[in-house]
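2 protein chains.
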Amino acid sequence: MRYIGKEEIEKMAIGAALLGTGGGGDPFIGKLMALQAIEKYGPVKLLSADELDDEALVVPSAMMGAPTVMVEKVPSGNESIAAFNALEEYLGRKITATMPIEAGGVNSLLPFALAARVGLPVVDADGMGRAFPELQMVTYYLDGINASPMVLADEKDNSIVLNAVDGVWTEKIARAATMTMGGSLMNAIYPMSGKQARESSIIGSLSFEEKLGDIIMTSKQPIDDLVEATNGYILFEGKIRDVERATDGGFVRGKAVFEGMNQNKSSECTLEFQNENLICLVDGQPKCLTPDLITVLDAETGMPITTEGLKFGMRVVILGMPCDPKWRTDKGIETVGPGYFGYDFEYQTIEALNQ
Amino acid sequence: MRYIGKEEIEKMAIGAALLGTGGGGDPFIGKLMALQAIEKYGPVKLLSADELDDEALVVPSAMMGAPTVMVEKVPSGNESIAAFNALEEYLGRKITATMPIEAGGVNSLLPFALAARVGLPVVDADGMGRAFPELQMVTYYLDGINASPMVLADEKDNSIVLNAVDGVWTEKIARAATMTMGGSLMNAIYPMSGKQARESSIIGSLSFEEKLGDIIMTSKQPIDDLVEATNGYILFEGKIRDVERATDGGFVRGKAVFEGMNQNKSSECTLEFQNENLICLVDGQPKCLTPDLITVLDAETGMPITTEGLKFGMRVVILGMPCDPKWRTDKGIETVGPGYFGYDFEYQTIEALNQ
Numbered sequence: 043m044r045y046i047g048k049e050e051i052e053k054m055a056i057g058a059a060l061l062g063t064g065g066g067g068d069p070f071i072g073k074l075m076a077l078q079a080i081e082k083y084g085p086v087k088l089l090s091a092d093e094l095d096d097e098a099l100v101v102p103s104a105m106m107g108a109p110t111v112m113v114e115k116v117p118s119g120n121e122s123i124a125a126f127n128a129l130e131e132y133l134g135r136k137i138t139a140t141m142p143i144e145a146g147g148v149n150s151l152l153p154f155a156l157a158a159r160v161g162l163p164v165v166d167a168d169g170m171g172r173a174f175p176e177l178q179m180v181t182y183y184l185d186g187i188n189a190s191p192m193v194l195a196d197e198k199d200n201s202i203v204l205n206a207v208d209g210v211w212t213e214k215i216a217r218a219a220t221m222t223m224g225g226s227l228m229n230a231i232y233p234m235s236g237k238q239a240r241e242s243s244i245i246g247s248l249s250f251e252e253k254l255g256d257i258i259m260t261s262k263q264p265i266d267d268l269v270e271a272t273n274g275y276i277l278f279e280g281k282i283r284d285v286e287r288a289t290d291g292g293f294v295r296g297k298a299v300f301e302g303m304n305q306n307k308s309s310e311c312t313l314e315f316q317n318e319n320l321i322c323l324v325d326g327q328p329k330c331l332t333p334d335l336i337t338v339l340d341a342e343t344g345m346p347i348t349t350e351g352l353k354f355g356m357r358v359v360i361l362g363m364p365c366d367p368k369w370r371t372d373k374g375i376e377t378v379g380p381g382y383f384g385y386d387f388e389y390q391t392i393e394a395l396n397q
Numbered sequence: 043m044r045y046i047g048k049e050e051i052e053k054m055a056i057g058a059a060l061l062g063t064g065g066g067g068d069p070f071i072g073k074l075m076a077l078q079a080i081e082k083y084g085p086v087k088l089l090s091a092d093e094l095d096d097e098a099l100v101v102p103s104a105m106m107g108a109p110t111v112m113v114e115k116v117p118s119g120n121e122s123i124a125a126f127n128a129l130e131e132y133l134g135r136k137i138t139a140t141m142p143i144e145a146g147g148v149n150s151l152l153p154f155a156l157a158a159r160v161g162l163p164v165v166d167a168d169g170m171g172r173a174f175p176e177l178q179m180v181t182y183y184l185d186g187i188n189a190s191p192m193v194l195a196d197e198k199d200n201s202i203v204l205n206a207v208d209g210v211w212t213e214k215i216a217r218a219a220t221m222t223m224g225g226s227l228m229n230a231i232y233p234m235s236g237k238q239a240r241e242s243s244i245i246g247s248l249s250f251e252e253k254l255g256d257i258i259m260t261s262k263q264p265i266d267d268l269v270e271a272t273n274g275y276i277l278f279e280g281k282i283r284d285v286e287r288a289t290d291g292g293f294v295r296g297k298a299v300f301e302g303m304n305q306n307k308s309s310e311c312t313l314e315f316q317n318e319n320l321i322c323l324v325d326g327q328p329k330c331l332t333p334d335l336i337t338v339l340d341a342e343t344g345m346p347i348t349t350e351g352l353k354f355g356m357r358v359v360i361l362g363m364p365c366d367p368k369w370r371t372d373k374g375i376e377t378v379g380p381g382y383f384g385y386d387f388e389y390q391t392i393e394a395l396n397q
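Chains as they are written, first to last, in this note's numbering: chain W, 43 to 397; chain Z, 43 to 397.
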């Protein structure tokens, strides 16, 4: 157990942007909300997963919907408290701890805003080890833990307790409700025991974000250090030549084309994204495929760039990172592999693609 | 208190079609389900509203969604039981009685199917005295009774407990969830005390349906007798010349044009409908405006014809009936008057329009 204050949050926010792999929502609002709450209510306890009692009730807290809506409709913080209260009332039990559902983007920091206000600890773990767009795209789903009962709450004081048969139905129904309720809500989801959280989560994600953020903020050779810290690969170095984007039902789909520099001179790279970066091709050959992670970094500073931040002429390094082994099972690949997102590639590990 | 058996259900089904004012869903499936359940479990207790204890917990049960979907996806009956069980669990109380949310169409009979199976009585009352398409279009909404907590349940075993701030938000969110969950669900909605049910409902609707059905089945001059029983007006006698219909998000919108016969020879009548018949014009002049009731009857038999049943050349009588006085308040007209449905008419009572 240790305490997380404002300095740790600043670092985690940068690491969260990196693990957000271009999507996940800009961590900026999550960071502001966490900083504000910590300023007012004090530092938040961070528990390591092995400190959880078997019988603890652990409930991830997340924003659901389009992060672009959230920027215009900043949550007050009351929504996530309302969602937790409704779930406690429904279950007839107090929640012991919260945690992020995803390590990437805005949702890795929002639990701190909630935790500071209600005095709960945050568990140093998450259900993705990165960012993904849909509710069933978590290790809990792979392990048969139900997303339901799940609560959705909006700023108008509407709430829903959803009891769906599995994560896929939870996603479908909750997504429809979210669009109707204004496009961006807070949820309480995948209620689980301490034992389940310990066994099914990706462990240490928040500390890992902090470490990555620290490298980017302080290292003199941030990209080399990031490669080492993530067991990653530099997939490409180049300049952005072209970006195409379309927004469709809260999802951003598109691709970016890069022309090579340095070691990649006279090569070309294509990055395909759907909220998150999913496929990286160099001269038409796959170099990294979802669920392995792909993040575009500023070539000088190592700062991660979201898909919305990609601009013509930027000099970048594309970093590929192996995903957690939990994603590399058959059910994992079926849930978040290239085929699920409509790409015609068989998944191969980043290690195999970059031998 | 009296018992409702199969004969009463047959009559109520015809009366429900009449009060369905062209929409509300064909009572046929509701009738079949009620008959089946009564066949198997025996007659159902019908309580008059004044037999309710003040502290009773009364919960209407209804189908939500497009009745056209329901025809292809007949409910098993388990959905409404699941919805009631989930609501009881949520409220921590047993439900004392059920009732229809609307007197018109399929929803006036479905509560009998549920009641027979679970052994609950049905209250001889409803929230509309007719059929309307949206959840807030009930007398309970006018009286400030919340539609929430409301439960929606589907045949796949998904359920939602919705806590919305009012009937309008309940409608929006539940509608979106319904579309996602397959277009047709069962709900448990507007939980209320016996006192509220007694004071806010339209009283005696089911007995009234039965009486109307009895007239149509047995009278030698059904149309005259229906005019008398409903305090109604014959708005037009004629033949159907033209029908336009479009289906849009589960709603059927359109209009029918009739050319006059007998007393209306050389006149023309236009009927505008949105699921239900809403506006009746004769030679361009309004003769009946929502929330007053408009039903098209077969000129010979007096059998009601739904908007979907309107066919070129049919000889019909159009019957107009005054709505319950609860709808004639400012809030009532705002909720279900011509303006709400997008028509450019000020509401005037059918009595005033047919002096």
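These are calculated hints, taken from the structure and not from any lab test. Check the hints yourself; a few may be wrong.
List time: in silico SDA-like cross-link candidates among lysine to any residue, alpha-carbon distance up to 20 Å [as the list claims (entries may be wrong)]:
#1 Z/214 to Z/241
#2 W/214 to Z/241
#3 Z/368 to Z/241
#4 W/136 to Z/132
#5 Z/281 to Z/246
#6 W/214 to Z/281
#7 W/198 to Z/187
#8 Z/214 to W/199
#9 W/198 to Z/188
#10 W/198 to Z/241
#11 W/353 to W/380
#12 W/214 to Z/53
No experiment lies behind these values; they were computed from the predicted model shown.
Could you tell me which of the hints above the structure violates, numbers in ascending order? 1, 2, 5, 6, 10, 11, 12
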